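Asks: Read off the chains here:
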Amino acid sequence: MAGLMAALVLTGTLYSALSPAHATEEAIQSESSAEAAGRELYERSCITCHGENLEGVPTRGPSLIGAGEAAVYFQVHTGRMPLVRQEAQAPDKPAIFNDEEIDQLMAYIQANGGGPTLPSGDLRDGDLAEGGELFRLNCAQCHNFVGEGGALSSGKRAPSLEDANDLEIYSAMLSGPENMPIFGDNQLTPEEKRSIINYIQTVKEQADPGGAGIGRIGPVAEGVVIWVVGVAALLFGIFWMGSKA
Amino acid sequence: MARTATAPGVPTTPLGKAALEIDDRLIVAGPLRRTLNKVFPDHWSFLLGEIALYSFVILLLSGTYLTFYYDAAMTEVVYEGTYAPMRGLEMTAAYESTLKLSFDVRGGLFIRQLHHWAALLFVAAIVVHLLRIFFTGAFRRPRETNWLIGVALLVLSFAMGFTGYSLPDDLLSGTGLRIVSAIILSIPVVGTWVHWAVFDGDYVGEEILGRMYIVHVLIVPAILLGLIAVHLLMLVKQKHTQFPGPGRTEHNVVGNRLFPAFAVKAGGLFFIVFGVCAALGGLVQINPVWLWGPYNPAQVSAASQPDWYVMFLDGSTRLFPAWDINLPGNYTIPALFWPTVVLPGIIFTLLAAYPVIERKLTRDEASHHLLQRPRDVPVRTSLGMMALAFYIVLMFSGGNDVIAEKFDISLNAMTWAGRIGLVIVPPIVYLLTYRICLGLQKHDREVLEHGLETGVIRRLPHGEFIEVHQPLGPVDEHGHGQLAYGGAPVPKRMNQVGGARRAIRGFFSPIEEPARVELEQRRDEHGLSAAESRELTTSGRPSDGGRPQEPRD
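Residue numbers (full-length UniProt numbering), protein chains in the order written: chain A, 1 to 245; chain B, 1 to 553.
In short, the hints are calculated from the structure, not lab data. Please read these numbers as outputs of a predicted model, since none were measured by experiment. Backbone N, C-alpha and C define an ideal beta-carbon position, used for all residues, glycine too. Do not take every clue at face value.
Straight-line alpha carbon distances no greater than 27 Å define the calculated DSS-like cross-link-like pairs of lysine-lysine that follow [what the hints assert, rightly or not]:
{"id": "1", "chain 1": "B", "residue 1": "Lys-360", "chain 2": "B", "residue 2": "Lys-239"}
{"id": "2", "chain 1": "B", "residue 1": "Lys-237", "chain 2": "B", "residue 2": "Lys-38"}
{"id": "3", "chain 1": "B", "residue 1": "Lys-239", "chain 2": "B", "residue 2": "Lys-38"}
{"id": "4", "chain 1": "A", "residue 1": "Lys-93", "chain 2": "A", "residue 2": "Lys-204"}
{"id": "5", "chain 1": "B", "residue 1": "Lys-492", "chain 2": "B", "residue 2": "Lys-442"}
{"id": "6", "chain 1": "A", "residue 1": "Lys-93", "chain 2": "B", "residue 2": "Lys-406"}
{"id": "7", "chain 1": "B", "residue 1": "Lys-406", "chain 2": "A", "residue 2": "Lys-156"}
{"id": "8", "chain 1": "B", "residue 1": "Lys-360", "chain 2": "B", "residue 2": "Lys-237"}
{"id": "9", "chain 1": "B", "residue 1": "Lys-17", "chain 2": "B", "residue 2": "Lys-38"}
{"id": "10", "chain 1": "B", "residue 1": "Lys-406", "chain 2": "A", "residue 2": "Lys-204"}
{"id": "11", "chain 1": "A", "residue 1": "Lys-204", "chain 2": "A", "residue 2": "Lys-156"}
{"id": "12", "chain 1": "A", "residue 1": "Lys-204", "chain 2": "B", "residue 2": "Lys-100"}
Per label pair, the in silico range of CB-to-CB distance [what the hints assert, rightly or not]:
{"id": "13", "chain 1": "A", "residue 1": "Leu-137", "chain 2": "B", "residue 2": "Glu-80", "range": "18 to 24 Å"}
{"id": "14", "chain 1": "A", "residue 1": "Gly-215", "chain 2": "B", "residue 2": "Ala-18", "range": "56 to 62 Å"}
{"id": "15", "chain 1": "A", "residue 1": "Arg-44", "chain 2": "B", "residue 2": "Asp-324", "range": "53 to 59 Å"}
{"id": "16", "chain 1": "A", "residue 1": "Asp-122", "chain 2": "B", "residue 2": "Trp-323", "range": "51 to 57 Å"}
{"id": "17", "chain 1": "A", "residue 1": "Gln-89", "chain 2": "B", "residue 2": "Ala-335", "range": "25 to 31 Å"}
{"id": "18", "chain 1": "B", "residue 1": "Arg-87", "chain 2": "A", "residue 2": "Asp-122", "range": "16 to 22 Å"}
{"id": "19", "chain 1": "B", "residue 1": "Trp-323", "chain 2": "A", "residue 2": "Arg-44", "range": "51 to 57 Å"}
{"id": "20", "chain 1": "A", "residue 1": "Glu-205", "chain 2": "B", "residue 2": "Glu-80", "range": "22 to 28 Å"}
{"id": "21", "chain 1": "B", "residue 1": "Gly-455", "chain 2": "A", "residue 2": "Val-84", "range": "51 to 57 Å"}
{"id": "22", "chain 1": "A", "residue 1": "Pro-181", "chain 2": "B", "residue 2": "Arg-87", "range": "25 to 31 Å"}
{"id": "23", "chain 1": "A", "residue 1": "Arg-44", "chain 2": "B", "residue 2": "Gly-88", "range": "47 to 53 Å"}
{"id": "24", "chain 1": "A", "residue 1": "Ala-88", "chain 2": "B", "residue 2": "Trp-323", "range": "23 to 29 Å"}
{"id": "25", "chain 1": "B", "residue 1": "Asp-202", "chain 2": "A", "residue 2": "Asp-99", "range": "50 to 56 Å"}
Generate the whole structure from the sequences, applying the supplied hints.
Replies: Here it is, written out as structure tokens:
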């Protein structure tokens with residue numbers, strides 16, 4: 001009995017003394033080189049707000065557990081992360097990390113937090129008209145008819161999709177950044193997501209058959225044009241006629 | 001010769017004889033002569049209403065072309081046309097015909113865009129014309145009736161605009177129609193019944209597009225045409241107003257006869273208006289319905305706005321707090337009722353009644369044919385500017401989400417700026433306008449009394465510096481001008497009274513050589529500039545009336 005007790009105490013002591021260091025070592029050893037590079041980038045640029053174990057820091061940044069590589073791709077590739085300062089919403093800006101670094105960060109977050117992964121294949125492989133219908137049903141109420149963007153409350157906004165690439169749009173739907181809802185594969189199937197992307201990018205690239213697009217936002221821009229161009233030109237015309245009298 | 005022996009008035013040429021035959025039967029010579037001799041004042045601001053008239057002509061012509069292809073049916077069809085991103089979608093026949101009109105009909109898109117731009121211009125020109133009439137007092141007796149007709153034309157043009165905006169049945173116009181349906185429903189007691197009458201049931205039904213089509217292409221245009229005719233006939237009957245000036249009285253009109261001078265001018269203006277609308281229609285895209293998509297009540301887009309002239313009602317709705325009035329018996333007056341029914345009701349009633357209100361307040365019952373300069377009626381001018389400021393705050397609030405998005409401003413801040421601005425901007429504008437009017441009045445009197453500033457500074461023998469002033473007319477023994485203010489512009493610069501050589505002619509580029517004009521003027525020694533150069537070397541005593549003077553009080 002005493003021998004067993006002594007053995008248990010010894011094992012426990014040994015375990016508590018050796019195990020954590022050993023385990024950490026093992027974890028680091030099992031990391032791929034990309035994950036290790038990602039960890040280094042994370043610890044340099046992200047850890048202040050997202051915490052040392054991706055658990056997030058209250059009042060600074062959310063937990064990244066479950067965010068997945070999709071969220072990392074969207075946030076870092078559009079330049080939203082790393083954040084410059086806390087404000088209503090992270091603005092997009094030129095990306096700080098290059099594609100290789102983004103891959104490393106994605107690998108690190110995916111390995112440690114898990115979550116939605118990036119799609120592969122042709123992201124525009126979907127029905128154009130159905131994509132338009134789905135866009136107007138799910139996206140237009142914030143992003144405007146053809147993705148010109150729109151205002152939300154208190155300085156937040158749904159950004160213009162003018163500069164968004166296929167993967168950014170797809171990863172945004174998967175991860176629901178900022179105020180955007182998450183459109184998981186249950187809400188919009190991968191085929192439907194591809195249709196939406198096809199619609200957005202096709203209409204974006206399509207020329208305006210009616211002439212200058214004036215922002216494609218409808219009556220506000222049209223009102224500006226009729227007063228600043230139309231009425232101004234005609235007032236000038238009648239001044240001219242008046243001066244001929 | 002035989003020809004000189006004929007009695008005067010008896011035509012000898014074939015054309016003259018033919019004209020006599022016509023006049024014998026129809027008796028048109030007298031009225032025609034009177035009409036052709038009608039005199040139009042040549043001030044530029046009298047052409048503003050004409051811009052509206054010509055846009056209306058363009059609307060009638062382009063609208064007729066659109067009716068050949070537009071189909072107001074609300075039957076559901078599946079699109080199989082040219083525009084790939086819509087192929088296979090369900091939509092109404094109305095929307096399909098609009099797409100077809102835009103993509104498959106020769107010139108269809110151009111005419112559609114021309115029509116829409118002309119519509120925006122039509123209302124804009126009416127508003128600018130209304131402002132001219134208001135600020136110059138042209139609505140005073142005996143022209144109050146014509147003011148009322150003008151207000152009716154403005155309201156009807158809104159109706160035209162709204163029904164036309166709704167016809168394509170795209171996602172934007174359908175959203176607008178849904179809002180109008182909600183506005184009708186918000187009217188207490190009768191709202192539901194009116195809605196059932198208009199829509200033939202609940203929103204959206206199967207009738208509304210067909211009804212709005214007839215309203216848009218037949219009923220309202222017919223009323224507009226009739227009212228425009230009355231508007232113009234009354235103008236001819238009552239004669240034009242004119243700005244005060246030399247030779248202009250309450251009993252004459254100074255300007256050009258309708259034929260030929262004014263007819264040429266008006267014809268030219270028609271082509272300018274047509275040119276501007278056509279240029280916009282061909283170069284600037286308006287209402288791209290293929291981007292908006294077919295209407296579906298389950299869908300809505302951010303930044304759905306009405307055309308600019310209704311944007312003030314969208315703005316009032318955005319600014320008005322969500323104050324529903326809940327009455328006993330499960331009865332509610334929605335907040336929407338106040339900013340969209342009551343507010344425009346008040347605005348248009350005040351607008352229509354303004355001539356009567358002003359007459360009652362000023363007790364000015366006399367007939368007026370001479371216009372007033374806005375500065376001479378500071379209260380009216382300030383009221384007008386105040387109303388305009390109110391309207392503009394509402395209009396900007398109607399687009400506040402677009403402004404917030406484009407200029408990176410919080411939407412909440414825009415809404416509160418609109419709410420606070422709506423209350424404090426109009427009074428500030430009133431005060432500023434009032435002070436500016438008084439300042440301009442004072443400056444007119446100052447120039448009449450003390451003369452124009454010549455910009456010539458003279459040093460007197462005792463060392464004092466004075467600026468030499470040019471009186472506009474005879475002066476009394478103190479050197480003060482004797483001219484009274486007559487409501488006409490007072491010259492403010494020396495070259496307006498011939499103080500410099502005359503201006504080089506040419507609007508876009510000079511059409512004469514400056515050096516030659518200089519020489520021509522130098523040869524002509526009777527000019528005021530010659531007298532001035534002599535006089536500036538003398539003392540400038542009061543006895544030198546009509547010569548450059550120093551200021552004295």
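Asks: Now, for every hint given, state plainly whether the structure supports it.
Replies: Against the structure, the hints come out as follows:
For the proposed pair Lys-360/B and Lys-239/B, the alpha carbon gap of about 24 Å is at most 27 Å, so the pair holds. The hinted pair formed by Lys-237/B and Lys-38/B meets the criterion: a straight-line CA distance of about 10 Å does not exceed 27 Å. This hinted pair checks out: Lys-239/B and Lys-38/B have alpha carbons roughly 8 Å apart, not beyond 27 Å. With a C-alpha separation of about 20 Å, the suggested pair Lys-93/A and Lys-204/A falls inside the 27 Å cut-off, and the hint holds.
Our distance criterion of 27 Å between C-alpha atoms is met by Lys-492/B and Lys-442/B, whose separation comes to about 13 Å. Using a Cα cut-off of 27 Å, the hinted pair Lys-93/A and Lys-406/B holds, with the two alpha carbons roughly 16 Å apart. Restraint check: the Cα-Cα separation between Lys-406/B and Lys-156/A comes to about 12 Å, which is no more than 27 Å; the hinted pair holds. With a CA separation close to 25 Å, the supplied pair Lys-360/B and Lys-237/B stays within the 27 Å bound.
Restraint check: the Cα-Cα separation between Lys-17/B and Lys-38/B comes to about 25 Å, which is no more than 27 Å; the hinted pair holds. Annotation: proposed proximity of Lys-406/B to Lys-204/A holds, straight-line Cα distance about 18 Å (limit 27 Å). Restraint check: the Cα-Cα separation between Lys-204/A and Lys-156/A comes to about 23 Å, which is no more than 27 Å; the hinted pair holds. A distance of roughly 21 Å separates the Cα atoms of Lys-204/A and Lys-100/B; the hinted pair therefore holds under the 27 Å criterion.
Between Leu-137/A and Glu-80/B the beta carbon distance is about 22 Å. The supplied range of 18 to 24 Å therefore holds. The beta-carbon spacing between Gly-215/A and Ala-18/B, approximately 59 Å, falls within the hinted interval of 56 to 62 Å. Our hint of 53 to 59 Å for Arg-44/A and Asp-324/B holds, since their Cβ atoms are close to 54 Å apart. The supplied range of 51 to 57 Å is met by Asp-122/A and Trp-323/B, whose beta-carbon atoms lie about 52 Å from each other.
Taken as a hint, the range 25 to 31 Å holds for the pair Gln-89/A and Ala-335/B, whose Cβ atoms sit roughly 29 Å apart. One distance hint, 16 to 22 Å for the beta-carbon pair Arg-87/B and Asp-122/A, holds here, with the actual separation near 20 Å. The beta-carbon spacing between Trp-323/B and Arg-44/A, approximately 53 Å, falls within the hinted interval of 51 to 57 Å. Separated by about 23 Å at the C-beta atoms, Glu-205/A and Glu-80/B satisfy the suggested range of 22 to 28 Å.
Checking the proposed 51 to 57 Å range against Gly-455/B and Val-84/A shows it holds: the Cβ atoms sit about 56 Å from each other. Between Pro-181/A and Arg-87/B the beta carbons are some 29 Å apart, a value that agrees with the proposed interval 25 to 31 Å. Distance hint for Arg-44/A and Gly-88/B: a CB-CB separation of about 51 Å, consistent with the stated range 47 to 53 Å. Between Ala-88/A and Trp-323/B the CB atoms are about 28 Å apart, so this pair conforms to the stated range of 23 to 29 Å.
Remark: the range hint 50 to 56 Å for Asp-202/B to Asp-99/A is upheld by a beta-carbon distance near 55 Å.
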